[in-house]
Amino acid sequence: MALKTPLYDAHVERGGRIVEFAGFLMPVSFEGIVAEHERVRTKVGLFDVSHMGEIEITGPDAVAFADYAVTNNVADLEHNQICYTVCCNERGTVLDDLLVYRFSDESVLLVVNAVNTGKILGHLQSIRRGDIEIRDLTAGIAQIAVQGPASRDLFALCPTFASVAAQVRNLPYYRFFTARLDGDEVIISRTGYTGELGFEVYLPAARARAVWDEMLERGKTHSAAPIGLGARDTLRFEPSYCLYGHELDEQTSPLEAGLSWVVKLKKDEFVGRAALVAEKERGPARRLIGLSAEGKRVPRQGCAVSAGGRTVGAVTSGTFSPTLKAPLAMALVESSVPKDSEGITIDVRGTAVPAKQVPLPFYKGTVND
Amino acid sequence: MVPEECMYTKEHEWVYREGDVAVIGISEYASTELGDIVYIELPEAGNTVQQMDPIGTIEAVKTVAELFSPVSGEVVEINQSIVDHPEIVNRDPHDEGWFIKVKMSDASELDVLFSHDEYEEYLGEQEDD
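Sequences listed follow chains A and B, in order.
Per numbering that gives the first Met the number 0, the very first residue in the first sequence carries number 0; after that it's consecutive.
Per numbering that gives the first Met the number 0, the very first residue in the second sequence carries number 0; after that it's consecutive.
Okay, chain A solo, but in the shape it has when bound (with noise of 0.2 angstroms):
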């Protein structure tokens, strides 16, 4: 029996077309998935992100926990920041890509993939340590993403969040602050998935669909409309975020996905650090890599890549892009490929498709403004 988001009536009402997506019925689109893209890349969306999985850690060791169990340094956070990270096995590879918001000593916050939720909890009673309490806040809380150029502009015009307008105004960047908003708590972060501004926002379900049609309706002057799931994936692979499933699996490990940036190899301990030591000395066996195809035909996931004669790799995103007007992909192949090789080649259903490789990200958006 899939689950729905507290706005799954708000979306049908808006002729959402409904598919089930990690356990949860989720519009994957509205007017179009190009449209939709593209009202993100130059006005604003909105986006019902409240499959995504809550994971509260609280107690005396709550930090030390999460610095423990995800790769990024959780313990250099400041209150009040953000970062980006993924959870490793302790074969170095990625259980799941995530958020760790860090409240205060003893409280943080991670947010993970739906399709992780489960795994993610079992994973961390697995491991746990210290004086800490995990908790699945997941089901009581609703996340809206509020995404494009002018995301800002929209909280001015609510109501909902008149008290809290300059603190959303000077936001920085992987920063958030919690409020309290006609008696509801509520959680709003600088971030995003999409490589424009935007903002998160988290509030108690039962207060989702109010602030989801008062964003709507007060957002019509910037031409605020929902979006799917179809373009919040065309809109996170063109600035070449991960996506689990994709990038990003159990088989590979965040130093072949291009995420050796969030790998923290100096902290002391954290599961997977021993096998991720090991394989930065002797060289990750693949690296991610951006092509861009000839012709039309769209490379999909799985689609095997060969360069010199051989297959190097496999695409692992590929869509065509709307804002570059190209079928592009993202792969994973043998690191022993040259950055500046040519000859590659991408097989699209049985036909051998000449590709070059590009540098990633494909796109860079308005996401530092």
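Keep in mind that a hint or two might mislead.
To be verified - Okay, derived cross-link-like pairs now, SDA-like style, lysine to any residue, Cα gap no bigger than 20 angstroms in a straight line: (1) A:Lys-324 <-> B:Val-63; (2) B:Lys-61 <-> A:Arg-299; (3) A:Lys-265 <-> A:Pro-283; (4) B:Lys-61 <-> A:Gly-31; (5) A:Lys-265 <-> A:Gln-250; (6) A:Lys-263 <-> A:Val-276; (7) B:Lys-61 <-> A:Val-276; (8) A:Lys-295 <-> B:Val-82; (9) A:Lys-295 <-> B:Val-63; (10) A:Lys-338 <-> A:Glu-293; (11) B:Lys-102 <-> B:Glu-120; (12) B:Lys-61 <-> A:Ala-313; (13) B:Lys-61 <-> A:Lys-263; (14) B:Lys-61 <-> B:Ile-77; (15) B:Lys-102 <-> B:Val-75; (16) B:Lys-100 <-> B:Ser-80; (17) A:Lys-295 <-> B:Lys-100; (18) A:Lys-324 <-> B:Pro-85; (19) B:Lys-61 <-> A:Thr-322; (20) A:Lys-324 <-> B:Thr-56; (21) B:Lys-61 <-> A:Tyr-240; (22) A:Lys-324 <-> B:Glu-86.
Treat the hints as calculated values from the structure; they're not laboratory data.
Using the hints, position chain B against chain A.
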């Protein structure tokens, strides 16, 4: 090509009969399910096709689908407009968005296709799954 006057395949192609020529396209349901279409590959005029052979490719942003020929025969015309502007198929799948015309070698092959009512019923069953 009024939807009610077309015949349909399980793979969501429609066929409109003009004498011994079959005009072929994809249904409104298929074009909506695919989403934004970005690239279409068609057989060439003059090619011989067999019933339910894959004869073309429809690339959408998120996914790809094959075009199956609902009938056997010779391709006599392709719609170059949808090759140049694939979005036409999303906008008008039953008229401007037709794909190819095939001169049928055996019109009795049409007997196995769905009527419009049968196709609607078939779609209803799909939804229930």
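We went through each hint and held it up to the structure:
Between A:Lys-324 and B:Val-63, the direct Cα distance comes to roughly 17 angstroms. Compliance with the 20 angstroms bound is thereby established for this hinted pair. For the suggested pair B:Lys-61 and A:Arg-299, the alpha carbons sit about 9 angstroms apart, so the restraint of at most 20 angstroms is met. Taking the CA atoms of A:Lys-265 and A:Pro-283, the gap is about 18 angstroms. The hint holds against a cut of 20 angstroms. For the suggested pair B:Lys-61 and A:Gly-31, the alpha carbons sit about 11 angstroms apart, so the restraint of at most 20 angstroms is met.
Between A:Lys-265 and A:Gln-250 the alpha-carbon distance is near 23 angstroms, which puts this suggested pair outside the 20 angstroms criterion. At roughly 10 angstroms between alpha-carbon atoms, A:Lys-263 and A:Val-276 fall within 20 angstroms of each other, so this suggested pair holds. The suggested pairing of B:Lys-61 with A:Val-276 is violated, with an alpha-carbon distance near 37 angstroms, which exceeds 20 angstroms. With a C-alpha separation of about 11 angstroms, the suggested pairing of A:Lys-295 with B:Val-82 holds against the 20 angstroms cut-off.
Taking the CA atoms of A:Lys-295 and B:Val-63, the gap is about 12 angstroms. The hint holds against a cut of 20 angstroms. As the CA atoms of A:Lys-338 and A:Glu-293 are separated by approximately 18 angstroms, the hinted pair is consistent with the 20 angstroms bound. Distance hint between B:Lys-102 and B:Glu-120 is unfulfilled; the C-alpha atoms sit about 29 angstroms from each other, more than 20 angstroms. Between B:Lys-61 and A:Ala-313 the CA atoms are separated by roughly 18 angstroms; this keeps the pair inside 20 angstroms, and the hint holds.
Between B:Lys-61 and A:Lys-263 the alpha-carbon distance is near 35 angstroms, which puts this suggested pair outside the 20 angstroms criterion. For the given pair, B:Lys-61 sits about 25 angstroms from B:Ile-77 by alpha-carbon distance, which is inconsistent with the 20 angstroms threshold. Simply put, B:Lys-102 and B:Val-75 have alpha-carbon atoms about 6 angstroms apart, close enough for the 20 angstroms limit, and the pair holds. With a CA separation close to 14 angstroms, the supplied pair B:Lys-100 and B:Ser-80 stays within the 20 angstroms bound.
Taking the CA atoms of A:Lys-295 and B:Lys-100, the gap is about 24 angstroms. The hint is violated against a cut of 20 angstroms. Using a Cα cut-off of 20 angstroms, the hinted pair A:Lys-324 and B:Pro-85 holds, with the two alpha carbons roughly 13 angstroms apart. Under the criterion of a C-alpha separation no larger than 20 angstroms, the hint pairing B:Lys-61 with A:Thr-322 is consistent with the structure, at around 14 angstroms. For the proposed pair A:Lys-324 and B:Thr-56, the alpha carbon gap of about 19 angstroms is at most 20 angstroms, so the pair holds.
The hinted pair formed by B:Lys-61 and A:Tyr-240 meets the criterion: a straight-line CA distance of about 17 angstroms does not exceed 20 angstroms. Our distance criterion of 20 angstroms between C-alpha atoms is met by A:Lys-324 and B:Glu-86, whose separation comes to about 13 angstroms.
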